[in-house]
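Chemist: All chains, full assembly: derive it from the sequences and hints.
Spelled out, the chains give:
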Amino acid sequence: MIARFYGSLPLPASYRMVLRRIAAAPLVRNRAALIALIVLVPLLVATLAPWLLTQANPVAQNLADSLLGASANHPLGTDKPGRDVLARVIYGAAPTLLGALVVVIVSGVVGVPLGLIAGYYGGKREAVIMRPLDALLAFPALLLAVLVVATFGRGLETVVLALGIIYVPAMARLVRSVTLVQRNQAYVDAGRALGYSDRRIIFRHILPNLVGPVVVQSTIDLAYAILDIAALSFLGLGQQPPDPDWGSMLADGRSYLLQNPLPAVSAGLAIMIAVVCFNLVGDGLRVQLDPRERER
Amino acid sequence: MAGYAVRRLLAAIPTLLFVSFVTFGLVRLAPGDPVLIVLGGKRISPELLVQLREKFGLVGDPVSQYIAWLGRAVQFDFGESYKLKQEVGDLILARLDTTVELVALSVLLAILIGIPLGVLQARRRESPVDYAGSFLAFVGVSSPVYFTAIIGILVFAVWLGWLPAFGSGEDPVDQLRHLILPAVALALGMIALTSRMTRSAMLEVLASDFIEAARAKGLPERTILVKHALRNALIPVLTVISLQVGFLVVGTVLVESTMGLGGLGSLITDAIQNRDYPVIQASVLLLTVLFILINLLTDLLYAVIDPRIRYT
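If you're matching them up, the sequences are chains A and B in order. Read in order, the letters of the first sequence are residues 236 to 531 in this note's numbering. Read in order, the letters of the second sequence are residues 58 to 369 in this note's numbering.
These aren't lab readings, by the way, just hints derived from the structure by calculation. Note that the structure is a prediction, hence the values are computed from the model and not measured. Be careful, since some hints might not be right.
[Claimed, not checked] Derived CB-CB ranges, DEER-like: (1) A:493 with B:134: 43 to 51 Å; (2) B:105 with A:310: 53 to 61 Å; (3) B:143 with A:390: 30 to 38 Å; (4) B:143 with A:418: 52 to 60 Å.
[What the hints assert, rightly or not] To give a feel for the contact side, a few chain A residues facing chain B, derived at Cβ under 8 Å: (5) 378; (6) 382; (7) 383; (8) 386; (9) 489.
Glycine included, every Cβ here is placed at the ideal spot set by N, Cα and C.
Modeler: Encoded structure:
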């Protein structure tokens, strides 16, 4: 159904073909990716409408209920200030997952045009774009993020922006390498011979070929972004207390791990499940979009 | 090969200058005067303040500060920590061995477990071993190191009581025992990527004609796998490992803070909290140098594994 929807969009045929393949991808052959997509549904609900999944308040403290085990009232027990762990896990989805989405969008919006220009035109423009990006890659990514966040103030917004920029070089390099291959294809020469403008060749002919690799890379980047956001908030640089967040829950739960491991373990499992799902979906998409992979 | 190595090292100089300049700029962009942070609210006379600024190298415009710092850094003089009142070089050297041991142990685990696992998976493709390995690989790349470390503490320190949970230990044997859990936690992701890469590279090589020829000659399976197939599959595996070592160095920051180990990672995070400029600058620079050296070492190793590759 989704495939048909994309097919009816008023887009050039080349885009419609790619989008149809993406929409049909994980559902057709790959059972693991299908399961991952199903698991992502509750995560999506938790991100957009957490109140549908739990009645409990994620920030309401009740010191009398400190560090309870699992019970009917608190399915995952309570943390030190007596907050419901399940509610905190559910409400904690939004900062991490939406944050990861923004990271990927930032890296795509900046990285795709840069890589495209560098790959298509080459020469001086390529040097001006790629040199600084390559230099950025010389930094250990997480360390640079820690440094930037420490400089511009802790908080989710800074973390997400810093990671978005740090993810740009990888995206730009990917786009550049695909563009380089496409630029030398016969169809581009044919377009030039027909007198098409650069703009037309880029947008109508090269860009559709980029959609597949960029979608795959973005899905896998989502998984990495979740890990990185969680790592930074684990270090106390991301979402600030008392707002619920997976990384900071883990850091917090670590201090009373021996009395009640449930808060830390729940938050850690939530991170892991989200990452596994995005990895599986990304893998499924890659198999579907890369003809060579499909034959294997 | 020596000429190639020297040229690569020279080419690294601009990168190091860039990294040090950005680090230098970033720490100075941060709000808050490091002198006041070090004083922690203590009131002192304006003259003393000026003296402290001078001592910390915080006078003049940022560019001349940077040049002054660079001039001393090339002589391995990284100044004195604002907070800890010790030579930065000594501080780093004291912490470096924990981090290096941790990283070395993890790499060793990744090589000793990841490569044989990948070979086995490729050999017994689509068998239970293959599926179990793939599952392990997926869990490995998806689990954050600090979470793996916490699960490790729960299982091996709390429930089974085999290993210590926190701290760095007293005598060498005890220290090694304290390193096992963090090293395994750190290695898990790397084992996953190594086995995955070994598996797919081996599958590719095993399908090629010269393996067929070796089989036709009647060579024992072991020889085919290890001498013919693995050696040809090793280059991409090596690349993955060397790229991962870079991430490992950063991963130690997270593991060290989870397990209460005093290594380079915790030195850096503390320094960032305290605006300890000299420590931040020197340790970021050191990590970048390590990155570059590891990459160079990998490229040189390629030539050892594959004699067709020659550097001139």
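Chemist: Against chain B, is residue 489 (chain A) within 8 Å by beta-carbon distance?
Modeler: 6 Å, holds
Chemist: Holds or violated: is there a CB of chain B closer than 8 Å to the CB of residue 378 (chain A)?
Modeler: 5 Å, holds
Chemist: Mind checking the hinted window 43 to 51 Å against the Cβ distance between residue 493 (chain A) and residue 134 (chain B)?
Modeler: Holds, at about 45 Å.
Chemist: Lying within 30 to 38 Å: is that true of the beta-carbon distance residue 143 (chain B) to residue 390 (chain A)?
Modeler: 32 Å, holds
Chemist: 53 to 61 Å was suggested as the range; check whether the CB atoms of residue 105 (chain B) and residue 310 (chain A) agree with it.
Modeler: 59 Å, holds
Chemist: With a cut-off of 8 Å on the beta carbons, see whether residue 386 (chain A) makes it to chain B.
Modeler: Holds: closest Cβ of chain B sits about 4 Å from residue 386 (chain A), inside 8 Å.
Chemist: Can you tell me whether the CB distance of residue 143 (chain B) to residue 418 (chain A) sits inside 52 to 60 Å?
Modeler: 55 Å, holds
Chemist: Hey, does the residue 383 (chain A) contact hint survive, CB to chain B under 8 Å?
Modeler: 7 Å, holds
Chemist: Can the hint on residue 382 (chain A) be confirmed by a CB-to-CB distance to chain B that is less than 8 Å?
Modeler: 5 Å, holds
In summary, this structure violates none of the numbered hints.
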